[in-house]
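There are 2 protein chains.
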Amino acid sequence: MQDLENYFNTLFEGKEPDTLYAPIAYTMQQSGKRLRPQMVYHVVKMFGGDVSQAKYVAAAFEMLHNFTLIHDDIMDKAPIRRGLPTVYQKWNTNCAILSGDALAIMAFQQLLKLNMPERVILDIANVFATCTLEICEGQQYDMDFETQEEVTIEEYIRMIYLKTAVMFAGCLKSGAILSGADEESREALYQVGINLGIAFQLADDLLDVYADTEVFGKSVGGDIRDNKKTYLYLKAMQDATPEEKKALRQCYESSEMPFDERFQKVKDFYERLQTADKTRHAIHLYLEKSLDELDKVRVPSEKKAILREVISNLEQRSK
Amino acid sequence: MQDLENYFNTLFEGKEPDTLYAPIAYTMQQSGKRLRPQMVYHVVKMFGGDVSQAKYVAAAFEMLHNFTLIHDDIMDKAPIRRGLPTVYQKWNTNCAILSGDALAIMAFQQLLKLNMPERVILDIANVFATCTLEICEGQQYDMDFETQEEVTIEEYIRMIYLKTAVMFAGCLKSGAILSGADEESREALYQVGINLGIAFQLADDLLDVYADTEVFGKSVGGDIRDNKKTYLYLKAMQDATPEEKKALRQCYESSEMPFDERFQKVKDFYERLQTADKTRHAIHLYLEKSLDELDKVRVPSEKKAILREVISNLEQRSK
Chain A
1 MQDLENYFNT
11 LFEGKEPDTL
21 YAPIAYTMQQ
31 SGKRLRPQMV
41 YHVVKMFGGD
51 VSQAKYVAAA
61 FEMLHNFTLI
71 HDDIMDKAPI
81 RRGLPTVYQK
91 WNTNCAILSG
101 DALAIMAFQQ
111 LLKLNMPERV
121 ILDIANVFAT
131 CTLEICEGQQ
141 YDMDFETQEE
151 VTIEEYIRMI
161 YLKTAVMFAG
171 CLKSGAILSG
181 ADEESREALY
191 QVGINLGIAF
201 QLADDLLDVY
211 ADTEVFGKSV
221 GGDIRDNKKT
231 YLYLKAMQDA
241 TPEEKKALRQ
251 CYESSEMPFD
261 ERFQKVKDFY
271 ERLQTADKTR
281 HAIHLYLEKS
291 LDELDKVRVP
301 SEKKAILREV
311 ISNLEQRSK
Chain B
1 MQDLENYFNT
11 LFEGKEPDTL
21 YAPIAYTMQQ
31 SGKRLRPQMV
41 YHVVKMFGGD
51 VSQAKYVAAA
61 FEMLHNFTLI
71 HDDIMDKAPI
81 RRGLPTVYQK
91 WNTNCAILSG
101 DALAIMAFQQ
111 LLKLNMPERV
121 ILDIANVFAT
131 CTLEICEGQQ
141 YDMDFETQEE
151 VTIEEYIRMI
161 YLKTAVMFAG
171 CLKSGAILSG
181 ADEESREALY
191 QVGINLGIAF
201 QLADDLLDVY
211 ADTEVFGKSV
221 GGDIRDNKKT
231 YLYLKAMQDA
241 TPEEKKALRQ
251 CYESSEMPFD
261 ERFQKVKDFY
271 ERLQTADKTR
281 HAIHLYLEKS
291 LDELDKVRVP
301 SEKKAILREV
311 ISNLEQRSK
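Heads up: the protein sequence lines correspond to chains A and B, in order.
First residue of the first sequence? That's 1 in our numbering, and the numbers climb one at a time after it.
First residue of the second sequence? That's 1 in our numbering, and the numbers climb one at a time after it.
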């Protein structure tokens, strides 16, 4: 992984115009969790693939992820990301649009650097492109949900499947393609990623209400502040009586009630309806499914130890 | 070309979410001049390549072009394009950002549909990606120039090289790769496109001042209204005495003088300094260079007739 950080530290250096590349370097040099690159490396190591080539695939997905953050932050009017001003805040919206565009193209260019058989590069490029388009679809559904009165849990899961899960799935599958894995293992790993990704997002929704702010790295209650229809909110709405439903909606959407009061009231609803436990249970089921899919991958069980650990650790996700 | 229009009429149909794909269909179904696809087809026919496959390359570049328009219109705050409201105006900025993103990815996906040797697809993908990144760089320079006090003609040509010319070059070169053309012909065609593209943009700058509005399809003087540093303005500034320079800049940037008066005064400067004639001369030189490069392409001269005509016609460009 240090290899990847070094790569990101040189990739945008001295490139002109600075007004285009400085926001990209700024974004890429904030070490996020680098979860997606890790997925790529885990799979390549699991299959004993070429780790030197994994760098380009890992870089491509991490750059893709950061491209989506730059554009999403404009759309969500988010001022802070990873404790720093977002790109459109630090520069301006035009810079953020264009830097995001350039980063997406550079992400794709990483795949073209692969020193691998042409079929392998094209197969990964196909996964990458499909995944990118699905992420856009997911983001659009997410925006649509803001003004859509009723959102079902099924619709919500479909949205996070597209917006979040396909990228994890794409990382794992691309790592498998790079390593010359069989078709069945590729598909199983794709499903590992889908289920892991959905669990990841549900854990994110949970943390937004219950996280330890210090560990989480951002303040809690943001989703409630922004009236985001999260899994917890939708689950609570599903379980509530008609009266409770009306009261929860009124409280959630209230523009008059002070935030602290709203936050506490929503938490009271969640407690009464056991929403947190139910969310934890849903996370557990997705993680179990992810582990089941991992079992189908055709390598000796001991090679799967790291990925199994990654999946299991998500059950205790705290940041 | 009708084949391509039919393709655009079905490609986005019924795709969900509609809020993502409707702006794309809206943009792609406005027949622009389709200049870039025509370039691809001309080259493939010139080499006797596979015209059925040319559709995907032509579609990729036309979609790329339209992606840049959707995002540029946000950045330039342009309300109208091809006589219709721009995407961010008809929907909103978020929709325009995301639809543009999705269109760029779909453009790239067209290349992955090619039923050609893998090496050919990857070579075209490389040209396509490089060209896309350069267009972003060009757009960034264009924005930077708005606040940059002094812009040289050399810098301006470099900007339109990136923003406009590389896409023509990319179309021609990709058509050559698709047709299995030799390396020298590919490079010659790239240079045909660069010189043609620069001439095309200079003609655009000229038309913005002197076009017949009916034929041009948009009102004249827009660049002057927006204080755009065009070739004409930079050339006039280069040729002017220090006093004229000061007066031209004051008039060009004046926020108090009524537009009609400003437009007339700027035209008076241009007339005195013979700016239009000098611009026509520059266009002529770029077109001559384009024809010289076309001579280097290794096919019998009679096969080059259509491209030669396209280049020559630009000298009389009126829209």
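Note that these hints are calculated values from the structure, not bench results.
Honestly, I wouldn't trust all of these hints.
Which copy is meant is left open, so a pair is good if it fits within one copy or across any two.
To be verified - EDC-like, lysine to aspartate or glutamate: derived pairs with alpha carbons at most 20 Å apart:
no., residue 1, residue 2
1, K113, E134
2, K265, E154
3, K113, D123
4, K229, E150
5, K289, E5
6, K15, D142
7, K15, E155
8, K246, D182
9, K45, D226
10, K113, D223
11, K265, D18
12, K245, E271
13, K303, E261
14, K15, E134
15, K90, D144
16, K113, D295
17, K33, E214
18, K33, E184
19, K265, D223
20, K304, D292
Results for each hint:
1. K113 with E134: between (24 Å within a copy, 18 Å between copies)
2. K265 with E154: neither (26 Å within a copy, 64 Å between copies)
3. K113 with D123: both (14 Å within a copy, 12 Å between copies)
4. K229 with E150: Result: close within a single copy only, 10 Å intra versus 50 Å inter.
5. K289 with E5: neither (32 Å within a copy, 45 Å between copies)
6. K15 with D142: between (34 Å within a copy, 17 Å between copies)
7. K15 with E155: Between copies, since 16 Å is at most 20 Å while 42 Å is not.
8. K246 with D182: Neither, since 52 Å and 71 Å both go past 20 Å.
9. K45 with D226: Neither way: K45 and D226 sit 41 Å apart in one copy and 56 Å across, limit 20 Å.
10. K113 with D223: For K113 and D223, neither the intra-copy (39 Å) nor the inter-copy (40 Å) Cα distance is at most 20 Å.
11. K265 with D18: For K265 and D18, neither the intra-copy (48 Å) nor the inter-copy (36 Å) Cα distance is at most 20 Å.
12. K245 with E271: within (14 Å within a copy, 73 Å between copies)
13. K303 with E261: Answer is neither; intra-copy 50 Å and inter-copy 77 Å both fail.
14. K15 with E134: between (30 Å within a copy, 12 Å between copies)
15. K90 with D144: Intra 27 Å, inter 16 Å, cutoff 20 Å: inter-copy only.
16. K113 with D295: neither (32 Å within a copy, 33 Å between copies)
17. K33 with E214: For K33 and E214, only the intra-copy Cα distance (16 Å) is at most 20 Å; the inter-copy one is 57 Å.
18. K33 with E184: neither (29 Å within a copy, 47 Å between copies)
19. K265 with D223: within (14 Å within a copy, 56 Å between copies)
20. K304 with D292: Answer is within; shortest intra-copy Cα gap is 12 Å, inter-copy 61 Å.
Checked against the numbered hints above, the structure violates hints 2, 5, 8, 9, 10, 11, 13, 16, 18; every other hint is satisfied.
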